Amino acid sequence: MGKMSRLGNDLYQGRKSIDFTGRRLLWYGVTILIVAAAVAGLAVRGLNFGVEFTGGTTFSVAVGAGNASQDNADALRDAIGAANIENADQPVVTTAGDQALTVQVQNLSPEERQQVEDVIEQQFPDVAPNDVSTSDVGPSWGKEVAQRAAIGVGIFLILVVIFIWAYFREWKMSVAALIALIHDVAITVGVYAWSGFEVTPAAVTGLLAILGFSLYDTVVVFDKIKENTTKLRRRNQSYGDAANLAVNQTLVRSINTSIVALIPIGAILYVSAVQLGASSLQDLALAQFVGMGAGVYSSVMLAPRVIVNLKSLETEVQEQARRAKARQRAEAADRYAAVPAVTAGRPARETGPEGLEDDDSFRIDVEETDDESVQPAQSPTVAGRGRTVPTQHRPVAPSSSSGRNQPVRDPRSKRGKK
Amino acid sequence: MAARRPSPGRTLVIFFLGIAVLYSLVALTASWKPALGLDLQGGTRISLKALNSPSKDNLEEARKIIDQRVNGTGVSEASVTTSGSDEIVVEVPGDTKNRNELEDTVKRTAQLRFRLVACADADPGASATACAGGSGTPTLQRAAPFGADKGKGGKGKKTQSPTASATPTGTASATPGDSGSDQPSDSTSPSTDATTDPAGDGKEWTTQDSLDWAQAPDAEAVAAYNALSCDKEGNVVDAKGKPGATTKDPKVAAYAVDTPDHALVSCEVRGGSVIKYLLSRSVIEGTELTDAAAQIPQNQVDWVVTIDMGNDKDKANPPGSPGAEDDFEKISEALVNTNRLFAIVLDGKVLSAPTMNAVIHDGRSEISGDFNETTATSLANSLKYGALPIAFDKDPKVEEIGPSLAGNQLQAGLTAGAIGVLLVMLYCLLYYRGLGLVVVASLFVAASITYAMVLLLSEAAGFTLTLPGIAGLIIAVGITADSFIIFFERIRDEMREGRSMRVAVESGWARARVTRMAANTVSVLSALVLYIFASGVVKGFGFALGLSTLVDLAVLFWFTKPMVSYLAQFKAFNSGHKLSGLSKETLGTDTPRTRVVGGEA
Chain A
1 MGKMSRLGND LYQGRKSIDF TGRRLLWYGV TILIVAAAVA GLAVRGLNFG VEFTGGTTFS
61 VAVGAGNASQ DNADALRDAI GAANIENADQ PVVTTAGDQA LTVQVQNLSP EERQQVEDVI
121 EQQFPDVAPN DVSTSDVGPS WGKEVAQRAA IGVGIFLILV VIFIWAYFRE WKMSVAALIA
181 LIHDVAITVG VYAWSGFEVT PAAVTGLLAI LGFSLYDTVV VFDKIKENTT KLRRRNQSYG
241 DAANLAVNQT LVRSINTSIV ALIPIGAILY VSAVQLGASS LQDLALAQFV GMGAGVYSSV
301 MLAPRVIVNL KSLETEVQEQ ARRAKARQRA EAADRYAAVP AVTAGRPARE TGPEGLEDDD
361 SFRIDVEETD DESVQPAQSP TVAGRGRTVP TQHRPVAPSS SSGRNQPVRD PRSKRGKK
Chain B
1001 MAARRPSPGR TLVIFFLGIA VLYSLVALTA SWKPALGLDL QGGTRISLKA LNSPSKDNLE
1061 EARKIIDQRV NGTGVSEASV TTSGSDEIVV EVPGDTKNRN ELEDTVKRTA QLRFRLVACA
1121 DADPGASATA CAGGSGTPTL QRAAPFGADK GKGGKGKKTQ SPTASATPTG TASATPGDSG
1181 SDQPSDSTSP STDATTDPAG DGKEWTTQDS LDWAQAPDAE AVAAYNALSC DKEGNVVDAK
1241 GKPGATTKDP KVAAYAVDTP DHALVSCEVR GGSVIKYLLS RSVIEGTELT DAAAQIPQNQ
1301 VDWVVTIDMG NDKDKANPPG SPGAEDDFEK ISEALVNTNR LFAIVLDGKV LSAPTMNAVI
1361 HDGRSEISGD FNETTATSLA NSLKYGALPI AFDKDPKVEE IGPSLAGNQL QAGLTAGAIG
1421 VLLVMLYCLL YYRGLGLVVV ASLFVAASIT YAMVLLLSEA AGFTLTLPGI AGLIIAVGIT
1481 ADSFIIFFER IRDEMREGRS MRVAVESGWA RARVTRMAAN TVSVLSALVL YIFASGVVKG
1541 FGFALGLSTL VDLAVLFWFT KPMVSYLAQF KAFNSGHKLS GLSKETLGTD TPRTRVVGGE
1601 A
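Here the protein sequences line up with chains A and B, keeping their order. Read left to right, the first sequence gives residues 1 to 418 (the working numbering). Read left to right, the second sequence gives residues 1001 to 1601 (the working numbering).
Simulated from the structure, these hints should not be mistaken for laboratory data. Treat the numbers as computed from the prediction; the structure is a model and nothing was measured. This list has only true hints and no planted wrong ones.
EDC-like mimics (lysine to aspartate or glutamate), calculated; alpha carbons at most 16 Å apart, straight line:
| no. | chain 1 | residue 1 | chain 2 | residue 2 |
| --- | --- | --- | --- | --- |
| 1 | B | K1056 | B | D1086 |
| 2 | B | K1397 | A | D98 |
| 3 | B | K1251 | B | D1238 |
| 4 | B | K1049 | B | E1060 |
| 5 | B | K1394 | B | E1103 |
| 6 | B | K1397 | B | E1103 |
| 7 | B | K1049 | B | E1399 |
| 8 | A | K143 | B | E1061 |
| 9 | B | K1049 | A | D136 |
| 10 | A | K143 | B | D1057 |
| 11 | B | K1033 | B | E1459 |
| 12 | B | K1049 | B | D1393 |
| 13 | B | K1394 | B | D1086 |
| 14 | B | K1056 | A | D136 |
| 15 | B | K1049 | B | D1104 |
| 16 | A | K231 | A | E319 |
| 17 | B | K1397 | B | E1087 |
| 18 | A | K143 | B | E1060 |
Pulled out of the complex, with its shape left as it was, chain B reads as follows (with noise of 0.2 Å):
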């Protein structure tokens, strides 16, 4: 035992020199102010006005919605609420730097399809008829100069060949697309008006019509394709440069509304140039999603938005569909290792037009754009928790708001954290003396890596102080000192025992340690849970919880007790010095006492 144990001076080095890296981290990564809540600093109200009057339980169907995308991954309690019948008001705390994704997150309809490109074409103005009659031409002109193809499906095929999975791309992306070359568009193509059965062979609009439709598309499309054309915005506009889906002629404006069951005509903004797509109806619908993620692939410098499809069948589009996981495997099989692209379309735009690189069996893909981490982790957000049921205006009234706590009730709290712990300090010191002098070491040092701490993850994770934060953290003081007090209550009840100060610390330690760990096993416990299932503030009190207890638990194993131990080799403290806080008078055994013969009961 003795042998394998580590000398308490070098824990201690260590340890502080673990503190020393994560100052320097701090220095490096975030400020040296905490960021402050929506109580104390205030921060950014966006008021979102829902267009065309939703029902009640739509509105708040939007809010819980819009809750979870800015409350889903960090813990900065930002506040969402209804106001009236028609307006949602989200608040965010600080400054906030990145306030047009921001405002994107919130109002973002989220809706996503995958639909297949019938027709495609670069330039708005030039050839706007390349798509006309289908018949021998190549219609598919991709401007695109850089890969936006690119790694399409790697997900998937790492399930099924990994050697492929590395595949980067931008092969096919000069790739001169064909999809519409094969047959003239003839009377029998299916047609994209609400026809439901559109083969004439008794089965509802299935993902094979689309793939047939995609090859062909019917005159009507065609023509609406050709009648509108894009801005430089991406907005489908038509002849007189007004916005799609007022053009007078109902046929057309229809093209220009993103609705599942209808063909659709959108244009991708990339790198300055416009394409315009004429796509097929909705093959795979945002709602069968089952999980979506921001990350960046193996062997690739962009950020994509992975996701995830199931294959539920109630939720299937079209309905009658096996489920998303087995259309996009049929669509993969019918695109793979052709030039036919699909797109995939947010909110009737379309983020990118890809080819498929290899047959996806388990629904996993991946959404590559123009994205950077922000951008991608917030539309990664946004499909994850779902679309919302309402639209909202265009433009949101956003405004900085003040604090909503008086100036004087940070000042207060922080007088009162200062002056309770130095209470505690005191009292720390009166009772255990020398050891007394441990337990404030102990604290300060607790108290300077949960400063750290906090300024970390308020840079890493969005944590805010609120102004109950700072009061748990005042009250995790007391939590924190109680550790070293069952400590040290255990080394004096080993020298009540007779042993001797060394002896006791060791002992001591031993049963205080196995107490100390089942009592922070309950705390961690408690936070951790409340953390994954709890949202908003009760998500960041299991946070502060968890952190203090961690916090707690190191300060106690990798400072109070080496230090403890260390300061036992001095004559000072293991003589039983009336100071050292451990003499035979303070530990109540200096009276003689009248031992009863036959030991005791």
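With the rest of the complex left out, here is chain A (with noise of 0.2 Å):
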């Protein structure tokens, strides 16, 4: 535990940084492909849509008075899932008062209704062929019931993207948070098709689910976020690093949480594989699992960038990452030559400290100028870079300490304070 308490600290305090939000080419990418994997897979397989969706077929089997136990129901539905009939892998065998049996499998084609009406025999071979009677069952998901279910799944999200919008006053955010939940839902949806898993209604509430924690977890990143890049100009740091920084804090959190999310559903998994085989528990189980571990990878490796990417079209933020660029070269540089030039809102003329007379930019904060400065002189423009050299304000002279032009240095007390 110490190691992962270290590196949580670490990461704290910035010491230690995983890049969450550059190399944006690269990640999208990866988004990309594993979307367009799962839009493949839905064109090409397609879902598997259960009986609840597509109607199906229907064996009442009376199989005489006292016959119909949960036990021989047991025994019924494993014997027709076990017979690798395509459309009745999964049978829903009930018992029907105390001397039938009903079975429920999809729609089946003549062939394989035979072969179901073979197995049936097979377990019960009392029965007459007479005694099995078929019909066929409408959806009890109809149409309404799944357009219902959209129109919900539509207004919440307006309502979210809504109040992620009010609440950190940036709907950017609320569209990174789309972004990394349209991901998640393509992925879970690309389990689905790729696996042929039978989409049932548990899986659309997995679904459902998934929808709620994926959008979850982003906000609580978000949130972080928010508190680490409202004081940005003061920190001296550019909004992406600001929000690396914040994932990188969350991030002890975000490997937490996934592991305590990711534990009852790999339970449910594993006990389900060890006791009962392939059902419809050990499905919901996985897409979950899929779903949830794409969330916390979607909250921690997408919707970030996504952000940062869309923050730095703004020219404020630009900005402010052209001054942290320059303040933390300057400071790399020399520390101390950096501090009066920076805060005293001083130029450096052109051929300043190495720090400062760096090409990649540096603007001056005009409103940070001190009055009493020099006559400002009309600077010329830098070729090639299309931007105006600050205006020297004090009168620069060779340094002896340093070994080269310095500005002059006002009196202590007329410094802008730090």
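Got two chains here, separate frames each, mind docking them using the hints?
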């Protein structure tokens, strides 16, 4: 545990940092690939809808008084399930009264129907063929149930977008959360498409659970991003860095959450695999497992990237990024040289300290410029950069201490406060 | 701040008292075992066979309406399917106690009509000729000994004259009606067969025509009225005791069939006695209702079904009338303060035949009758979701069905749940040590509250646990634990900033609380929307999700946080002991770090 905690501390302090917001092309590529695979699965293999959606065939087996026990029903279910009939691999067998069993399977072709009847006959040799009656059942999840659910989801998404917008005061976060959501749902649907799992009402509710979980997890991470990015100016951070720090700081939480959330589902998976073999419970758990994993993954890897990407299009954020970068370079080069220059708003002259002279940027905050500065000289434009070199406020003289030109320093009392 | 913050101990005590109250409620009302769904426990299957081979669309529409009826209230996740070309199969979980009511709810056509009473007769045998000629004799012998006329229009009056709204009633019940007494029936009175222009005034049959007709029914109707009588069950029969609709004389038989634009002879069963009525054409149809609900009106003891009529011209009956609300107003104006009756007819039988106590302007009304809570709710649901387009065989096949999943699935689900929760607890203990104990306790508390809520709700709202539902609750464990993780990580972050534990708990809480509220708002939002818009399984899911989210919030606010605050008072925790989970080592702050001069980036 100690290591994990130390890692947590380092991540929190920003001493260790994993880049969660950069290398956009790579990660967008990965995301698009995954989603494309899911969509392809949907297009190529389609979804295997269960009896509840498509309707199916019901066999009524009159097994005689007293024989319609739960044990017989279970035995028949196993027998039909083991018979490898394509549309009858997950039959629903129930007792009806005390003398009949009903078997419900998906729509069958005449041959498959015959196969099922054969299995029933093997299982119950006493039952005459006349005692097995078949009828077609319609879907219990008709179109309008699906429609109403879809309307519900639609309204929910609209409300969530509005809520995130209102809470974070940032519509771009809504967009990022939605993209992460689409990613998660696509992966889950893709699992159903490629694996050929039967889509049951339980699967639908599972998908809805993932919908909620994905947004929930994204909101938690975004909350930290919001907290970290409100005081960018003071911390001299770019939006991207602050967001990245936020994701790093919540990383331990994200890891713990995914572990804790996935343990119970893993347990369901394990137990159903060991105790039950193939079952709808196992399908549901597997899809949930993947979906929840995707939810945590996307809220760490995808959503912050998208939001940083979107935000970096804003001029204000770009300026802040430039400012922060210059500041960092300046500090790296000569920590102390940078201090007065930045805080007092005094620009270095063109051939100032390396850090500031760097062609990448540094724009002075006009607001912070001291009043008593010397006549600003019209500064020339640096060739090729299209940027105005800051006005020169003070005379510059060769300095003996640093061995190069330095601005003449104000007395301490007149310098700006840090 | 500090002064207003309730002491953690007190919050804890109140919280546990709340749980105790919850469990005593369970002990009083519900059973200790949760109701299981169709897939785990089985239930009742009702197979309805439609009469007269309906079209596919009609069958599907009927399925939809029945689905709404059984799933409309509560979240029991009943399943309704069509089977073959003319069957609808309804499966309801659990061994239904009110099987008859359930059957009624499912198969009731729910064709509601308001008609005007022309003649009424308490004793089918003796005074069968009471309505003949209609002149001079008081024809309406109401034998109703107890208040069936109660509260009519109570709702409507509320908006009009609140002072009169409390009139309970029974006042009008013993009054002998004399609706047919004023005018002899003559050739000018409107006839009841399908003529569209009874008054010869160039207009179609209007509400006014019905009002006139009820005052003076035509001879043919009276003859049919006399020819038919009621049996003990309230069925209309002819002289030989055969169902009225099968009588040889087609003219008489027409009066025994409930069609909107034909007069009707019908019966009401009330407390053992049977009353026969001659009723006008339908003046208001059930399709014109916009809402229906079961309730006990103020100052009354019996259940009624309140209905609200819309004023939709398109649905209006008779066609061309301005709409149910206006029709009803007109009728109530004509009937108010007289002894004339109108009848509420459901599926051909008279539910009640009250007098009008006030003029009703807003189309709100009540149906009283021999209701209890179940029957009133069932009728209200049937009315709300509309009449079935098809009729069903009288005796549906009703059978018990077993669970659709093998018995070992429930076992497996529960085992998985136990293992999962155990592992989560173990992980939390290992990772958070002392604080992990709080997590374990919180999970237990959350589990016990959820269990109690499931028990209560299966009693109150018909909530049933299905296997996916159980899986959902197990998954919710992870999300519940996440709220503790967020909180504890915040505390640790605060301590890494150099705060002491006691301070860190409070400041970390302030920040974790905001995050938690925001995140849970999303969950509650999804639960609410799904519950409101979806039906069946999805509705149940929304319900369970909302429930577990609220329980999570309650536990976090009223148990976990006070618990941590409470523990923070003890030295074992706030001194950074190794087992507290908040020692320097577990925070990772033990190694003297080479602090970068000039602050962190």
